[in-house]
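Q: Protein chains in written order, with our numbering: chain A, 10 to 168; chain B, 10 to 168; chain C, 10 to 168; chain D, 10 to 168; chain E, 10 to 168.
In short, the hints are calculated from the structure, not lab data. Check the hints yourself; a few may be wrong.
The list treats identical chains as one, so a pair stands whether inside a single copy or across any two.
[Unchecked claim] Straight line, CA to CA, 30 angstroms or less: simulated BS3-like cross-link-like pairs of lysine-lysine:
no.: 1; residue 1: Lys-42; residue 2: Lys-68
no.: 2; residue 1: Lys-131; residue 2: Lys-85
no.: 3; residue 1: Lys-70; residue 2: Lys-12
no.: 4; residue 1: Lys-146; residue 2: Lys-85
no.: 5; residue 1: Lys-42; residue 2: Lys-85
no.: 6; residue 1: Lys-146; residue 2: Lys-68
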Amino acid sequence: MDKIGIVDTMFARYDMGSIAEEELKSLPGFNTKFTLIRRTVPGFKDLAVESKLLIEIEKCKIIIALGMVGGADIDKTCAHEASQGLMLAQLMTNTHILEVFVHENEEKEPHNLIPVCIDRAKKHARNAYYLLYAPEKLRNQAGQGIRQGYADAGPLLLK
Amino acid sequence: MDKIGIVDTMFARYDMGSIAEEELKSLPGFNTKFTLIRRTVPGFKDLAVESKLLIEIEKCKIIIALGMVGGADIDKTCAHEASQGLMLAQLMTNTHILEVFVHENEEKEPHNLIPVCIDRAKKHARNAYYLLYAPEKLRNQAGQGIRQGYADAGPLLLK
Amino acid sequence: MDKIGIVDTMFARYDMGSIAEEELKSLPGFNTKFTLIRRTVPGFKDLAVESKLLIEIEKCKIIIALGMVGGADIDKTCAHEASQGLMLAQLMTNTHILEVFVHENEEKEPHNLIPVCIDRAKKHARNAYYLLYAPEKLRNQAGQGIRQGYADAGPLLLK
Amino acid sequence: MDKIGIVDTMFARYDMGSIAEEELKSLPGFNTKFTLIRRTVPGFKDLAVESKLLIEIEKCKIIIALGMVGGADIDKTCAHEASQGLMLAQLMTNTHILEVFVHENEEKEPHNLIPVCIDRAKKHARNAYYLLYAPEKLRNQAGQGIRQGYADAGPLLLK
Amino acid sequence: MDKIGIVDTMFARYDMGSIAEEELKSLPGFNTKFTLIRRTVPGFKDLAVESKLLIEIEKCKIIIALGMVGGADIDKTCAHEASQGLMLAQLMTNTHILEVFVHENEEKEPHNLIPVCIDRAKKHARNAYYLLYAPEKLRNQAGQGIRQGYADAGPLLLK
């Protein structure tokens, strides 16, 4: 049975890992074709090595890595480092790691981040599933301005 | 028969992958010397590992990786991470991956991005072909201020 | 017996390494399940290779890397490089290295950095211990807005 | 016979590759001790993998990689990525790759870039030669404020 | 006999390599326990691969890499790339490379950089020696605000 890994952080202010978990459990094949492994690390800079461990030790076929980025400049630099780590971990393992980061400054009011967290985690959980089991679902939406966290931007329109 | 890989994203707002595909299909050797493989991933940070998989698993000889970059600061940071991933994937595989990114802020009006997308995807598809089959076409244009997406800048002129 | 590595710097203006050391010595299993190795390097850019040596030569199971970041722009760039090194060292060794950096500009008055140093070093020492011996302690706090150095931010609240 | 590789771009607005080529051809040992291989790629982000191919496939002993950087912010980010690639390619191959980049904003008037291109390409071609065949020429100028593209800055003088 | 490597640049405007050399020659064990190898490269982006060659080909146990950073924005970007290279070279070789960079904008008057160059090169030469032969000298100064180039900042004081 395939394993899909979910890694999230204590730092984040919303339990996006559980959203991803629920979404995947709702999809066909759960517990017959694939199962889930979940890990929590302190902050997003710990996601990359934990993801790599899930791939190399636990043999996960794909990873969903979830984190939240604070609003200060230093947080943005740290997010950049975390992302570079996830990029490198993917290339070292030939395995997709979907980065699901929500930035505190995407919304002015903290509570407005909640629907962003839910939508982004849910859609990327589904993207992970498609990458593994239904890549044509992604192929059919090439260049369509698809978004996670917010409504789709849609394709560019001729004037 | 050689394989040329095309990877694009659902995030992009124009189907540049199809432009690259059509251009390559119009060139001599299609289906006799080379064939195409196309994949679509969620966003441009997923391009690098997908490109590497196409090279290492599907044995593609070259990759065209297409994406669109949003206008916010965070989009630029993400584009930088995506580019670093593509750079690393090239060096890990000794294979060219031509990065074809269009930035939303290259034009004020979104619809004006369409000709940029088309021209850039088309010319880089052709560059990929030349790198494989006609490197002298590139060599002959060394230092000539060649551009993709817009008209060539041309060589520097003495005053 | 497991080994936990602690690496700190001469550059830092507070002996955070000793705080981490004391915290770990207070936890169950010290000298029965795990022991400590400590190293000091000149500055934070020397932490990554020293951490890697502790992992690969001394067989440490996890590392706590502590440093302080000055307030000038160049210090921030250097911190970024130090962090990228720690990220890479983790991925090359499949081992967590918890980065415990305190930034001089987190507080206006230097002496106010002292409690930040103590709290952050202590909590991350504990996080290292949990990662090794009690990952469920971290899992139970997923998405709870946990912080080191300051009070927890807590989870996002519905309006 | 040793091989020295020269890689340049179609993007650049001056044919610096030919300058480097001519300079090397004028030095003792050309066609007896060393020969040249030249490649042209679309843009500077393609230089790194082409350089690595010249080193690993063509067995070049050193590479001169030449490019021109546009004046927009995105150009600077791309140059940074290109440089990181060249750095990584060097470390993966244990081979020097001399980066010869001219930035459009080094001069206000485009035509004034021409002498910069010529001087920089010429001097770095010579530096490549010295690294291979006369390292003492470099050693003798340690800390002397040597420049390529412009006049030497010279050593710091006591007040 | 151990070898300590010293790599510096022609670009720098002060011969810091010689300062490091003299300092190491004055320390116990020179020519009995350790000897020196010195190399000069054009600029600081050439330091990383030269350091790696000294480690892997010449079997140096530690490297001191010295450079000077100009005051323009592009110089800072280049310094960042040079530093990333030195970081990577350390991790690829499990060997310390002490980066000794002096930034032109550390002082308003160029001649005031001279004592900075001397002090920084001298102290880091000594740090390299301690890392190899007397790590307890570093351990004893953990968190003491030690600086190179300027006077020590000292430890944080309670109010």
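Q: Work down the list of hints and note, for each, if the structure agrees.
A: Quick rundown of the hints versus the structure:
no.	hint	in the structure
1	Lys-42 with Lys-68	both (14 angstroms within a copy, 28 angstroms between copies)
2	Lys-131 with Lys-85	both (24 angstroms within a copy, 24 angstroms between copies)
3	Lys-70 with Lys-12	both (6 angstroms within a copy, 25 angstroms between copies)
4	Lys-146 with Lys-85	between (32 angstroms within a copy, 27 angstroms between copies)
5	Lys-42 with Lys-85	neither (38 angstroms within a copy, 38 angstroms between copies)
6	Lys-146 with Lys-68	both (25 angstroms within a copy, 24 angstroms between copies)
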